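> Here is what each chain is made of, one letter per residue.
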Amino acid sequence: MDPKLAEVSQLFERFKAACAREDVDTCCNVLSKLKVLLTGFSSLPPLFEDTPNAIHELTLARDIYEHAVLLSVKIGDQDAFERDFFQLKPYYTDASSSRLPPSSQEYMILGLNLLRLLVQNRIAEFHTELELLSSTALENPCIKHAVELEQSFMEGAYNRVLSAKQTVPCKTYDYFMDLLAKTVRDEIAGCSEKAYGYLSVSDARQMLLFSSDNELLQYIKEEQPEWEIKTGQVIFQKAKESASCKEIPSLQLINQTLSYARELERIV
Amino acid sequence: MTEDVEMKELPAPSNSATSSSPSTLNHLKEIASLIETGAYAREVRRIVRAVRLTMALRRKLKAQVLCAFLNFALSPGSEPHNRLAAHLPKEDEHEMEFDTATSVSQSPVKHPLPELEIYCYLLVLIYLIDQKKYSEAKACSSASVARLKNLNRRTVDVLASRLYFYYSLSYELTGDLAEIRGNLLALHRIATLRHDELGQETLLNLLLRNYLHYNLYDQAEKLRSKAPRFEAHSNQQFCRYLFYLGKIRTIQLEYTDAKESLLQAARKAPVAALGFRVQCNKWAIIVRLLLGEIPERTVFMQKGMENALRPYFELTNAVRIGDLELFKSVAEKFSTTFSSDRTHNLIVRLRHNVIRTGLRNISISYSRISLADVAKKLRLDTANPVADAESIVAKAIRDGAIDATIDHANGWMVSKETGDIYSTNEPQIAFNSRIAFCLNMHNDAVRALRFPPNSHKEKESAEKRRERQQQEQELAKHIAEEDDDEF
Chain A
1 MDPKLAEVSQ
11 LFERFKAACA
21 REDVDTCCNV
31 LSKLKVLLTG
41 FSSLPPLFED
51 TPNAIHELTL
61 ARDIYEHAVL
71 LSVKIGDQDA
81 FERDFFQLKP
91 YYTDASSSRL
101 PPSSQEYMIL
111 GLNLLRLLVQ
121 NRIAEFHTEL
131 ELLSSTALEN
141 PCIKHAVELE
151 QSFMEGAYNR
161 VLSAKQTVPC
171 KTYDYFMDLL
181 AKTVRDEIAG
191 CSEKAYGYLS
201 VSDARQMLLF
211 SSDNELLQYI
221 KEEQPEWEIK
231 TGQVIFQKAK
241 ESASCKEIPS
251 LQLINQTLSY
261 ARELERIV
Chain B
269 MTEDVEMKEL
279 PAPSNSATSS
289 SPSTLNHLKE
299 IASLIETGAY
309 AREVRRIVRA
319 VRLTMALRRK
329 LKAQVLCAFL
339 NFALSPGSEP
349 HNRLAAHLPK
359 EDEHEMEFDT
369 ATSVSQSPVK
379 HPLPELEIYC
389 YLLVLIYLID
399 QKKYSEAKAC
409 SSASVARLKN
419 LNRRTVDVLA
429 SRLYFYYSLS
439 YELTGDLAEI
449 RGNLLALHRI
459 ATLRHDELGQ
469 ETLLNLLLRN
479 YLHYNLYDQA
489 EKLRSKAPRF
499 EAHSNQQFCR
509 YLFYLGKIRT
519 IQLEYTDAKE
529 SLLQAARKAP
539 VAALGFRVQC
549 NKWAIIVRLL
559 LGEIPERTVF
569 MQKGMENALR
579 PYFELTNAVR
589 IGDLELFKSV
599 AEKFSTTFSS
609 DRTHNLIVRL
619 RHNVIRTGLR
629 NISISYSRIS
639 LADVAKKLRL
649 DTANPVADAE
659 SIVAKAIRDG
669 AIDATIDHAN
679 GWMVSKETGD
689 IYSTNEPQIA
699 FNSRIAFCLN
709 MHNDAVRALR
719 FPPNSHKEKE
729 SAEKRRERQQ
739 QEQELAKHIA
749 EEDDDEF
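For the record, the sequence lines run as chains A and B. Note that our numbering gives residue 232 to position 232 of the first sequence, counting from 1, and the numbers run on in steps of one. Numbering-wise, our numbering comes out as the position in the second sequence, counting from 1, plus 268.
I should point out that these hints are in silico values taken from the structure, not numbers from a laboratory. Worth double-checking, as some hints may not be accurate.
Using C-beta positions, here's what the derived DEER-type ranges look like [to be verified]: (1) G232/A to D641/B: 27 to 37 Å; (2) T136/A to E440/B: 22 to 32 Å; (3) G197/A to E499/B: 48 to 58 Å; (4) L559/B to A181/A: 25 to 35 Å; (5) S200/A to F581/B: 45 to 55 Å; (6) E228/A to T692/B: 26 to 36 Å; (7) E561/B to R83/A: 39 to 49 Å; (8) S493/B to R83/A: 21 to 31 Å; (9) A454/B to P3/A: 32 to 42 Å; (10) D671/B to T26/A: 55 to 65 Å; (11) S493/B to Q78/A: 48 to 58 Å; (12) G76/A to L559/B: 35 to 45 Å.
Treat the numbers as computed from the prediction; the structure is a model and nothing was measured. We put the CB at the ideal spot given by N, CA and C, even for glycine.
With the sequences and hints as input, model every part of the structure.
Below you can see the structure in the form of structure tokens.
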């Protein structure tokens with residue numbers, strides 16, 4: 001076998017062993033070395049040359065990047081995830097059609113990416129990515145999970161979102177689900193503010209998913225200083241609403257009228 | 269004249285030629301002469317007219333006519349002629365021989381104008397595509413594009429842009445669109461360097477179409493945002509650009525922009541382009557549904573579009589009523605149509621709108637309703653409908669879709685009284701948007717006015733100048749007198 005290829009394979013085995021041991025520092029070091037070595041292969045994107053070992057090299061590179069993605073989830077580094085995922089993507093889209101056999105982890109990683117976009121509230125990119133998936137991909141449980149999650153999020157059925165945490169298809173999703181739970185809690189707080197006049201403390205605690213009253217009080221003190229707590233009830237501020245109707249937005253009206261006058265004068 | 273001789277000889281001995289063939293040939297020759305004059309005078313308008321006339325002749329093109337025209341336009345033994353004739357099927361050997369015989373006996377070898385050569389490529393390409401010979405069309409178009417890279421004349425630009433269009437079309441019909449992406453990008457670069465604006469427009473549209481064909485919305489948007497923009501030269505290209513822009517914006521969830529682009533594209537499109545207008549309307553309907561407004565019935569009843577828009581009509585009905593069950597059944601019933609239109613993902617997004625509309629109807633009709641009843645009316649088929657309903661209602665209140673409050677302890681939703689709209693700023697805002705639109709339309713129309721090109725160059729003759737000066741003097745005296753009178 002090609003000496004370069006042999007070297008990379010050996011290093012990759014060490015990397016996998018370090019991952020299994022949960023030795024994060026060694027993993028990162030070995031990964032950077034692997035990436036440098038990968039630049040030596042010319043059959044990888046963006047060149048895609050047809051060397052004799054092309055398929056082997058492509059498969060190896062793809063495995064390395066998949067492991068890199070999973071590592072970044074483990075250490076909780078979202079930027080690294082994004083970088084590695086972008087490097088991984090051409091292997092799924094361009095290379096797969098021609099030569100490589102499909103990877104077993106492809107759908108899981110695609111689902112992870114969708115979840116990440118959802119958590120970061122990049123919904124436009126979420127939908128753009130969704131368009132790229134074929135209908136068979138959409139049937140896959142990992143991806144279906146992410147899609148249904150987005151729907152529930154959009155509709156506002158937050159309890160469904162939180163219960164979906166129990167039904168994750170694989171353990172790697174847990175990290176993002178935790179982040180999502182935090183976002184959902186903020187959303188619920190925002191909605192409750194507008195929808196309810198007041199809530200009893202126990203109800204509020206249940207809805208916001210705190211395990212004790214103290215946590216609830218702390219949350220309110222930090223995040224929601226406008227809420228008042230009186231006699232075992234949380235009262236949301238609503239008094240500011242009705243006063244604004246009486247004002248006339250004079251600046252806006254003046255601007256509009258001036259623009260009408262200018263345009264009309266232009267008509268010969 | 270040599271032309272007359274050819275005309276008289278051609279109809280007589282050709283036994284298989286129908287009566288329309290000589291007149292088509294005549295038309296083609298007229299067009300050729302139009303192109304020649306245009307090329308010599310450097311007037312692009314004539315070449316545009318020539319192309320338009322060709323499109324009218326499209327149905328009547330036949331192999332013999334094309335061969336005869338090729339012989340007329342390009343000298344038979346030359347390089348370009350051989351290349352082009354190779355693409356045409358050799359139907360009538362006898363015909364071909366006779367034609368070569370006559371033309372050889374004719375006047376001296378003409379040095380063909382590049383415009384004429386490109387025009388011949390265009391004719392052959394159109395003929396091949398109409399005859400559904402897509403692989404030959406592919407070969408012919410690739411050859412023509414290779415030839416075009418060497419030419420750099422403004423008068424060829426119009427013909428070149430049509431050629432690029434058919435080049436892309438022939439590849440699309442054979443399913444190889446991804447192959448030419450690199451070529452199209454290179455051609456776009458070249459067109460930009462040469463300030464060939466029509467070519468730039470056409471190629472940008474072709475590239476966007478290429479990306480959207482493979483659902484690469486991200487890359488399409490990146491290209492579109494970076495490409496240089498300028499005033500549209502061709503109405504058709506502008507319509508296409510608006511349509512692609514609308515599609516990209518829809519996927520990126522920017523529904524207001526998308527609606528504007530799509531509706532404009534549907535309005536500006538020529539009446540004959542039925543297929544295009546149907547597609548624009550389909551997307552426009554979906555975008556309006558996603559925005560929460562219901563399109564009127566007349567949109568679905570436009571001439572020629574009733575059948576194509578039928579699935580969307582039923583979908584709109586389901587959304588209007590706010591019934592989730594109906595929505596699901598309609599989506600399943602027409603799922604093949606939606607998948608072929610690539611609107612399937614958008615339909616899935618509509619579920620949220622159906623729920624919202626249903627909720628709005630309930631909120632308006634009831635002053636107080638229990639959440640369990642809300643869940644039942646909305647037909648939410650989930651594990652925990654009441655809790656779901658509560659969260660959905662809370663989110664709807666926060667987004668401002670309905671005006672109500674929830675009483676958690678009793679499990680009720682209490683609607684608020686809707687105030688008088690006219691006492692707020694709403695009418696002013698609506699009026700403002702309409703006024704702005706009309707004024708923009710007026711400005712665009714003024715800018716689009718075209719004056720004949722040489723009118724400002726006319727030099728006044730000395731006589732006319734004297735006359736004008738005399739008139740001005742009289743007028744000045746008149747005004748001065750008037751002023752005196754008033755005093």
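> Could you tell me which of the hints above the structure violates, numbers in ascending order?
Hint check: 11 fails alone, others pass.
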